[in-house]
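2 protein chains.
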Amino acid sequence: MNKVDETRSLIIQTSLALFNKKGYSQTSIQDIMEATGLPKGAIYRRFKNKDEIAIASFEFAGSIIWKHFFEATKSKVTAAEKLIAMCHVYQDAVNNPPIDGGCPLLNTAIETDFGFPELHDKATEAYNQTLFFIQSIIDEGIRSKEFRQDVDSYSLASFLFSTIEGAVMASRLSLNNEHMLHSIEQVRILLQHYSEKNQG
Amino acid sequence: MNKVDETRSLIIQTSLALFNKKGYSQTSIQDIMEATGLPKGAIYRRFKNKDEIAIASFEFAGSIIWKHFFEATKSKVTAAEKLIAMCHVYQDAVNNPPIDGGCPLLNTAIETDFGFPELHDKATEAYNQTLFFIQSIIDEGIRSKEFRQDVDSYSLASFLFSTIEGAVMASRLSLNNEHMLHSIEQVRILLQHYSEKNQG
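Line by line, the protein sequences give chains A and B. FYI, the numbering used here numbers position 200 of the first sequence as 202, with every residue one higher than the one before it. FYI, the numbering used here numbers position 20 of the second sequence as 22, with every residue one higher than the one before it.
In short, the hints are calculated from the structure, not lab data. Any given hint could turn out to be false.
As the list claims (entries may be wrong) - From the structure, some residues in chain B lie toward chain A, with a derived Cβ separation under 7 Å:
id: 1; residue: Thr38
id: 2; residue: Pro41
id: 3; residue: Ala44
id: 4; residue: Glu187
Unchecked claim - Distance windows between CB atoms, simulated:
id: 5; chain 1: A; residue 1: Glu180; chain 2: B; residue 2: Asn200; range: 24 to 34 Å
id: 6; chain 1: A; residue 1: Phe72; chain 2: B; residue 2: Glu180; range: 46 to 56 Å
id: 7; chain 1: A; residue 1: Ser77; chain 2: B; residue 2: Asp152; range: 45 to 55 Å
id: 8; chain 1: A; residue 1: Glu73; chain 2: B; residue 2: Asp53; range: 48 to 58 Å
id: 9; chain 1: A; residue 1: Ser197; chain 2: B; residue 2: Trp68; range: 12 to 22 Å
id: 10; chain 1: A; residue 1: Phe134; chain 2: B; residue 2: Lys50; range: 24 to 34 Å
All of these numbers come straight from a predicted model, not from anything done at the bench. Even glycine gets a Cβ: it sits at the ideal position worked out from N, Cα and C.
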């Protein structure tokens, strides 16, 4: 990696930490300059404006979260184990989420609900990719007869994803990870219910 | 209601609509003046600052949401019907949520995660009250033997609440209410699983 790339990476990583905690609108170029120790010119030579940094930071956030999802699921054998492992990525949502400040998808979805349509589109794209990944794990479980054949994999994936995101919010709001753990427990019970072995 | 109260109500209602869409930090007193048509003095005679308007608006939001929850559940007989009815309050999260802009609890929780601790505390309080309300419906269902006696009402309530909030985010992000409907469907299946009749 050459020097130019290192500076660009520093800007992206530092900005992500600021954006994911304070929000895009509350983070200024001045904040990024102070946190990186870089002069304004070093930033503007690499990015047209704050929006461009925000897009690059959100993409970088996605790569971090994907790494966590892959790491969590790769050693798991059954689909149910993989789904539960994905939930556990946010088991310490309060103190140690994959990225400081909570879930960047959730934070970005809320902040860009009215405004910054380009970033909102990026968030929708990330949402759809993750949804597809969860659905593919469930489909694998249906094919292998781990889950019942009548399971609606899209509906279940959508539900699982919503539950994780809501539990991140609940845990961080109340400063108590128990909400994430309760959601994981209920998901586990639902997945057992869908288990082929329980079909009777 | 006298004239002073009407003006105060106008400020609170108008500000809530702005805050729930644009966020607190992105809404200025100037925005509130323009949206209400009131001069600065009329606002500052009633509220010390924007934070005080934000607190009053969030409390007003709570009263609206509670009305929706009560209306939705009052005619329902079983606990399961009441819980599903609560989820349906956000069935059109995209176009017609109880308050324009989505769920004020979710929006406020995310925006005040780092900053505005007084409003964050208000959000935590609202979260706990709603959680308690959901738990009391489940407890009622356990007492009446609608649900199995081994159901953990607190865990189930926490999970249900997280699922609704996450599904509001997912539906609004993707501009598609199907995510709320999928979550409701999976919740319905889990509640059936918990039904005393299914104990076998």
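Right, here's what the structure says about each hint:
1. Taking 7 Å as the C-beta contact cut-off toward chain A, the hint placing Thr38 (chain B) at the interface is violated, the least distance being around 19 Å.
2. Interface restraint check: Pro41 (chain B) against chain A, minimum CB-CB distance 26 Å, threshold 7 Å, status violated.
3. Hint on Ala44 (chain B) is violated. Least Cβ distance to chain A is approximately 26 Å, over the 7 Å limit.
4. The interface hint given for Glu187 (chain B) holds, since its Cβ lies 6 Å from the closest Cβ of chain A, which is under the 7 Å cut-off.
5. For Glu180 (chain A) and Asn200 (chain B), the Cβ-Cβ distance of about 27 Å falls inside the hinted range of 24 to 34 Å, so the restraint holds.
6. Our hint of 46 to 56 Å for Phe72 (chain A) and Glu180 (chain B) is violated, since their Cβ atoms are close to 27 Å apart.
7. The hinted range of 45 to 55 Å is not satisfied by Ser77 (chain A) and Asp152 (chain B), whose Cβ atoms lie roughly 32 Å apart.
8. Remark: the range hint 48 to 58 Å for Glu73 (chain A) to Asp53 (chain B) is contradicted by a beta-carbon distance near 42 Å.
9. Ser197 (chain A) and Trp68 (chain B) have their C-beta atoms about 38 Å apart, which leaves the hinted 12 to 22 Å range violated.
10. Checked against the hint of 24 to 34 Å, the pair Phe134 (chain A) and Lys50 (chain B) fails, with Cβ atoms roughly 49 Å apart.
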